[in-house]
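Student: The primary structure of each chain is shown beneath.
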Amino acid sequence: MITIENLYKKFGTIEALKNISAEISKGSITYLVGPNASGKTTLIKSILGLVKPTSGNILIDKEKLNGNFSYREKIGYMPQIASFPENLTVEEIFSMIKNLRANTKIYDEELIEKFYLKKEFKKRLKNLSGGTRQKVNACIAFLFDPEILILDEPTAGLDPVSSSILKDKIIHENTCGKTIIFTSHILSELEELAEQVVFLLEGQIRFNGTISNLISSTEKQNLERAIASIMNGNNDEHSS
Amino acid sequence: MSILLKIIRYQFHDISRSKWIIIYTSFFFLVTYGLISFSNDTSKVIISLLNVTLIIIPLVSIIFGTIYLYNNKDYIILILSQPIKRNVLYLGLYFGLTIPLALSFLLGVGVPILLFSRDLKENFEVLVFLFTAGIFQTFIFVSISFLIATLNENKILGLGLSIFCWLFFSVLYDGLLLLVINLCQDYPLEKILIGFTILNPVDLARIFVTLKLDVAALMGYTGAVFQKFFNGNLGNFISLLSLLVWLVIPLLLGIRKFFKKDF
Numbered sequence: 001m002i003t004i005e006n007l008y009k010k011f012g013t014i015e016a017l018k019n020i021s022a023e024i025s026k027g028s029i030t031y032l033v034g035p036n037a038s039g040k041t042t043l044i045k046s047i048l049g050l051v052k053p054t055s056g057n058i059l060i061d062k063e064k065l066n067g068n069f070s071y072r073e074k075i076g077y078m079p080q081i082a083s084f085p086e087n088l089t090v091e092e093i094f095s096m097i098k099n100l101r102a103n104t105k106i107y108d109e110e111l112i113e114k115f116y117l118k119k120e121f122k123k124r125l126k127n128l129s130g131g132t133r134q135k136v137n138a139c140i141a142f143l144f145d146p147e148i149l150i151l152d153e154p155t156a157g158l159d160p161v162s163s164s165i166l167k168d169k170i171i172h173e174n175t176c177g178k179t180i181i182f183t184s185h186i187l188s189e190l191e192e193l194a195e196q197v198v199f200l201l202e203g204q205i206r207f208n209g210t211i212s213n214l215i216s217s218t219e220k221q222n223l224e225r226a227i228a229s230i231m232n233g234n235n236d237e238h239s240s
Numbered sequence: 001m002s003i004l005l006k007i008i009r010y011q012f013h014d015i016s017r018s019k020w021i022i023i024y025t026s027f028f029f030l031v032t033y034g035l036i037s038f039s040n041d042t043s044k045v046i047i048s049l050l051n052v053t054l055i056i057i058p059l060v061s062i063i064f065g066t067i068y069l070y071n072n073k074d075y076i077i078l079i080l081s082q083p084i085k086r087n088v089l090y091l092g093l094y095f096g097l098t099i100p101l102a103l104s105f106l107l108g109v110g111v112p113i114l115l116f117s118r119d120l121k122e123n124f125e126v127l128v129f130l131f132t133a134g135i136f137q138t139f140i141f142v143s144i145s146f147l148i149a150t151l152n153e154n155k156i157l158g159l160g161l162s163i164f165c166w167l168f169f170s171v172l173y174d175g176l177l178l179l180v181i182n183l184c185q186d187y188p189l190e191k192i193l194i195g196f197t198i199l200n201p202v203d204l205a206r207i208f209v210t211l212k213l214d215v216a217a218l219m220g221y222t223g224a225v226f227q228k229f230f231n232g233n234l235g236n237f238i239s240l241l242s243l244l245v246w247l248v249i250p251l252l253l254g255i256r257k258f259f260k261k262d263f
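For the protein sequence lines, the chains are A and B, in the order given. The first sequence maps to residues 1 to 240 in our numbering. The second sequence maps to residues 1 to 263 in our numbering.
Bear in mind the hints are in silico, worked out from the structure with no lab data behind them. Bear in mind that the values here come from a model prediction, so they are computed numbers and not experimental data. Hints are not guaranteed to be accurate.
Heads up, simulated DSS-like pairs for lysine-lysine below, C-alpha to C-alpha not over 27 angstroms straight-line [said to hold, decoys possible]:
1. K261(B) to K10(A)
2. K74(A) to K64(A)
3. K123(A) to K19(B)
4. K6(B) to K98(A)
5. K155(B) to K126(A)
6. K74(A) to K260(B)
7. K98(A) to K26(A)
8. K73(B) to K122(A)
9. K261(B) to K85(B)
10. K73(B) to K126(A)
11. K155(B) to K64(A)
12. K85(B) to K74(A)
13. K73(B) to K62(A)
14. K10(A) to K260(B)
15. K122(A) to K261(B)
16. K98(A) to K73(B)
17. K261(B) to K52(A)
18. K44(B) to K155(B)
Generate the whole structure from the sequences, applying the supplied hints.
Tutor: Right, here's the structure in full:
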């Protein structure tokens, strides 16, 4: 369970997050949505400890984050941009990450098989296409069978086949009880995957609830229009 | 600690395969080979090597280090999302870069000396000083470059600062020092000059090696004062210590900033 209490973050004079409070329950899939620069990535990075909040707290399984690092063993993170040391091979990247997380001994290599990554293992990362890098990126996030998965635009740059493999994997992991947080700009993915929606706008949570709640509260006929209606600011506080 | 060694190991693999490091090694190899082939005078070869070393190593280290941190930003984020302490990652990146660079210099200069020169082996002591100076330059300037890259998010600004920093220590500092000496030539400045030399890691390394050679005798009264200071135990100790300070302080400041930074 992830609890966010009055999280506030300021970069210079820009307020990226303005006193956000939310609770993400164990085993849920949460879709984090919002226009560009609404604070999605800052929120994700705060949970990962990459961004240090100006004030407020984040608790993971009731344990407060304050500069400790071992909690990240529970988290698998797939960043938006996949970047690795250029001259290492795919195989070395996997063995390196495994070495760095030596406490976890059980590996989930299902995605490596499904993406047929074994045949790329001897290639250097600089010679890989963007899509293949993204696949490596996804495999690393799922590799340690973590309790919490944080996926930042997971299907961006993937072909339709790989993208559906990844979505199946996300759904499968969720049925196994994993907590999943993801962001995306593709709304069909949201309808396919998510239960909970957290809508961020200018650093504040504008909506937090289930998809059906979101549609009914905005009185629009479908999700796309409901989201557009909140983005335009026609919707006042609908937190539930 | 073992995590640190693992990071260093993979960084080492990455960098030692980069084409730049191969070019860097070949450069030293060719220069050393060239100098040995053209000159019979051992101390001239060493002085020329020293001058090349003290221009090239700081330049390559500081630029390579800055670019390296900027280019690997997303990769650093990926590693930081693993259960790893930030200072361990910083040190891992640091040693993972400095060790291949220092080895590259050692091989590039050392191999041709071993293969082609008989005279230089007799000057073993001076060579050890030359290698020490080169290795220190690598560690010091990578440490400064990491500090600059950690402090500045803006790539262009960071790179500009790095180049300025190199220019300052390699060229401008000596010019300013000469100006001061010229303006105050009526005063006994020898002791003060020792102080100013210690403040610049490049000058320090240069004096440190030059004074082990016979040419130091040609440097007049200042040379004598310097020789007395730098050849004594206290002088050696102080110069090594200040080289270490030049290495450790930017490194610690960099770690401190890296620890607090938002990625």
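Student: Now tell me if each hint is right for this structure.
Tutor: Okay, the hints, checked on the actual structure:
1. Annotation: proposed proximity of K261(B) to K10(A) holds, straight-line Cα distance about 13 angstroms (limit 27 angstroms).
2. Proposed proximity of K74(A) and K64(A) is supported: the alpha carbons are some 14 angstroms apart, at most 27 angstroms.
3. Among the hinted pairs, K123(A) with K19(B) is consistent with the structure: their alpha-carbon atoms are about 16 angstroms apart, no more than 27 angstroms.
4. The straight-line distance between the Cα atoms of K6(B) and K98(A) is roughly 11 angstroms, inside the 27 angstroms bound, and the hint therefore holds.
5. Restraint check for K155(B) and K126(A): satisfied, since their Cα atoms lie roughly 21 angstroms apart, inside the 27 angstroms limit.
6. Of the supplied pair hints, the one linking K74(A) and K260(B) holds, its CA atoms being roughly 23 angstroms apart against a limit of 27 angstroms.
7. For a cut-off of 27 angstroms, the pair hint linking K98(A) to K26(A) stands: about 25 angstroms separates their Cα positions.
8. Straight-line distance between C-alpha atoms of K73(B) and K122(A) comes to about 24 angstroms, which keeps the hinted pair within the 27 angstroms bound.
9. This hinted pair checks out: K261(B) and K85(B) have alpha carbons roughly 13 angstroms apart, not beyond 27 angstroms.
10. For the hint pairing K73(B) with K126(A), the CA-to-CA distance comes to about 15 angstroms; that is within 27 angstroms, so the pair holds.
11. With a CA separation close to 34 angstroms, the supplied pair K155(B) and K64(A) exceeds the 27 angstroms bound.
12. A hinted pair counts as satisfied when its Cα atoms are at most 27 angstroms apart, and K85(B) with K74(A) qualifies at roughly 15 angstroms.
13. About 31 angstroms separates the Cα atoms of K73(B) and K62(A), which puts this hinted pair outside 27 angstroms; it is violated.
14. Straight-line distance between C-alpha atoms of K10(A) and K260(B) comes to about 14 angstroms, which keeps the hinted pair within the 27 angstroms bound.
15. At most 27 angstroms may separate the alpha-carbon atoms for a hinted pair to count; K122(A) and K261(B) exceed this at roughly 35 angstroms.
16. Pair hint K98(A) plus K73(B) holds up; C-alpha atoms about 21 angstroms apart against a cutoff of 27 angstroms.
17. Pair hint K261(B) plus K52(A) holds up; C-alpha atoms about 8 angstroms apart against a cutoff of 27 angstroms.
18. The straight-line distance between the Cα atoms of K44(B) and K155(B) is roughly 40 angstroms, outside the 27 angstroms bound, and the hint therefore fails.
When each numbered hint is compared with the structure, violations occur for hints 11, 13, 15 and 18.
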